[in-house]
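Residues in the sequence shown are numbered consecutively from 0, following numbering that gives the first Met the number 0.
Hints in this document: simulated from the structure, not taken from any laboratory. Warning: the hint list may mix true and false statements.
With a Cα cut of at most 20 Å, we get these calculated SDA-like pairs of lysine to any residue [to be verified]:
#1 Lys177 <-> Arg192
#2 Lys148 <-> Asn110
#3 Lys177 <-> Asn110
#4 Lys177 <-> Glu127
#5 Lys101 <-> Ala61
#6 Lys176 <-> Phe118
#7 Lys101 <-> Ile207
#8 Lys148 <-> Trp114
#9 Lys143 <-> Arg192
#10 Lys176 <-> Leu237
#11 Lys211 <-> Arg192
#12 Lys27 <-> Lys169
#13 Lys83 <-> Asn110
#14 Lys177 <-> Asp194
#15 Lys83 <-> Pro109
#16 Lys177 <-> Ser198
#17 Lys101 <-> Gly60
#18 Lys83 <-> Asn58
#19 Lys211 <-> Gly186
#20 Lys101 <-> Lys211
#21 Lys211 <-> Glu230
#22 Lys169 <-> Asn58
#23 Lys83 <-> Arg28
#24 Lys177 <-> Gly119
#25 Lys101 <-> Leu82
#26 Lys101 <-> Thr87
#27 Lys148 <-> Gly94
#28 Lys83 <-> Lys177
#29 Lys101 <-> Lys176
#30 Lys27 <-> Pro109
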Amino acid sequence: MAKKDLRPQGPTGITYAEPTFIPARDAKRFLWGDEQAGYVSDWIYGSSAKIHMMAFSMNVGARFGNSPDFKTYYNCAETYYCLKGQFTFHCPETGEVHVLEKDDCLYFPPNTWHWGYNFGHEECRIIEGLTPRTTVAVEAYAIKQPWLKSIRYAEDGLIHGHVPGERASKARATLVKKGQAVSEIVGETRPMRVDLVVSTRMLTTGTIDLYKGQQSEAISHLGDKVMYVLEGQVNVHLPDHDGSWWEMRADDTAFIPGNCRHMFFNTSDAPARLLFSVAPEYR
């Protein structure tokens, strides 16, 4: 199939090299899928050659899978963070199934088939962090993958072999439930706690809670970073970029390139929370 004939799995031309604030209203919308694969509504956020962040939503009863033009098989490490509702993740190759509720996060490594379902009672919305970014190359990569000949709807050994705490799973994905993240302290004079849900050489995803009036020290990462405000108001200061001062509110995002110093402020009288992904190296 010629490159010009490939069906795009995401909008092209969205890339950032400089620090960029992306208000929620400016996030580009994209409709992924077709009749066979299912349709998913996307919001496209910060993106570079190293990282990509987006959100997608599914109504009650919706699903996505595969079609000849849309195959959910990428050479990317990925995280799914559940913003709203309930999302069911299914790997048709291994048969594993994971259920995400609000504030749960799922990690899966490159070359993992993934399908999704909304079996809940309201719209579900997921923030997806990927590396490398999904450019037109993802279509070329996905289209070359052979069709799965055997679809598994449960893991081997699950039926007649499941005793809680005893069965060894061969699942590729890892579910981190709310409250199960590991934490680090960042800074000495103005410390803040960073909760990491996953950190590998390819991708780090975590959350930061800021109390009323909290201010952080200047931090930076080796890799590129995308941030999404989950709740409250977060101000970001870039001391080395003309003193830039951004006021971010829920659903706003921002792109920070590698080695760019930035500081967090909560100047409001309410708690604030943000989600971030960094790729490839956190530090």
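Now the hints, each set against the structure:
For the hint pairing Lys177 with Arg192, the CA-to-CA distance comes to about 16 Å; that is within 20 Å, so the pair holds. Between Lys148 and Asn110 the alpha-carbon distance is near 16 Å, which keeps this suggested pair within the 20 Å criterion. Between Lys177 and Asn110 the alpha-carbon distance is near 26 Å, which puts this suggested pair outside the 20 Å criterion. The suggested pairing of Lys177 with Glu127 holds, with an alpha-carbon distance near 17 Å, which does not exceed 20 Å.
Of the pairs offered as hints, the one joining Lys101 and Ala61 holds, with about 18 Å between alpha carbons and a cut-off of 20 Å not exceeded. Pair hint Lys176 plus Phe118 holds up; C-alpha atoms about 18 Å apart against a cutoff of 20 Å. The straight-line distance between the Cα atoms of Lys101 and Ile207 is roughly 16 Å, inside the 20 Å bound, and the hint therefore holds. A C-alpha spacing of about 15 Å is found between Lys148 and Trp114, which places the hinted pair at or below 20 Å, so the restraint holds.
Proximity of Lys143 to Arg192 is assessed by CA-CA distance (about 43 Å); at most 20 Å being required, the pair is judged violated. At roughly 33 Å between alpha-carbon atoms, Lys176 and Leu237 are farther apart than 20 Å, so this suggested pair is violated. With a CA separation close to 14 Å, the supplied pair Lys211 and Arg192 stays within the 20 Å bound. Among the hinted pairs, Lys27 with Lys169 is inconsistent with the structure: their alpha-carbon atoms are about 37 Å apart, more than 20 Å.
Only pairs whose Cα atoms come within 20 Å are accepted, and Lys83 paired with Asn110 is rejected, the gap being roughly 26 Å. Note on Lys177 and Asp194: the hinted pairing holds, with a Cα-Cα distance of about 11 Å set against a maximum of 20 Å. For the proposed pair Lys83 and Pro109, the alpha carbon gap of about 25 Å is over 20 Å, so the pair is violated. Taking the CA atoms of Lys177 and Ser198, the gap is near 16 Å; set against the 20 Å cutoff, the hint holds.
Of the supplied pair hints, the one linking Lys101 and Gly60 holds, its CA atoms being roughly 18 Å apart against a limit of 20 Å. Between Lys83 and Asn58 the alpha-carbon distance is near 11 Å, which keeps this suggested pair within the 20 Å criterion. Of the supplied pair hints, the one linking Lys211 and Gly186 holds, its CA atoms being roughly 18 Å apart against a limit of 20 Å. Between the alpha carbons of Lys101 and Lys211 the distance comes to roughly 23 Å, so the proposed pair goes past 20 Å and is violated.
A hinted pair counts as satisfied when its Cα atoms are at most 20 Å apart, and Lys211 with Glu230 qualifies at roughly 13 Å. A C-alpha spacing of about 30 Å is found between Lys169 and Asn58, which places the hinted pair above 20 Å, so the restraint is violated. For the proposed pair Lys83 and Arg28, the alpha carbon gap of about 18 Å is at most 20 Å, so the pair holds. Restraint check for Lys177 and Gly119: satisfied, since their Cα atoms lie roughly 18 Å apart, inside the 20 Å limit.
Simply put, Lys101 and Leu82 have alpha-carbon atoms about 5 Å apart, close enough for the 20 Å limit, and the pair holds. Proposed proximity of Lys101 and Thr87 is supported: the alpha carbons are some 12 Å apart, at most 20 Å. Pair hint Lys148 plus Gly94 holds up; C-alpha atoms about 13 Å apart against a cutoff of 20 Å. For the suggested pair Lys83 and Lys177, the alpha carbons sit about 13 Å apart, so the restraint of at most 20 Å is met.
Distance check on the hinted pair: Lys101 and Lys176 sit about 9 Å apart at the alpha-carbon level, within 20 Å; holds. Proposed proximity of Lys27 and Pro109 is contradicted: the alpha carbons are some 25 Å apart, above 20 Å.
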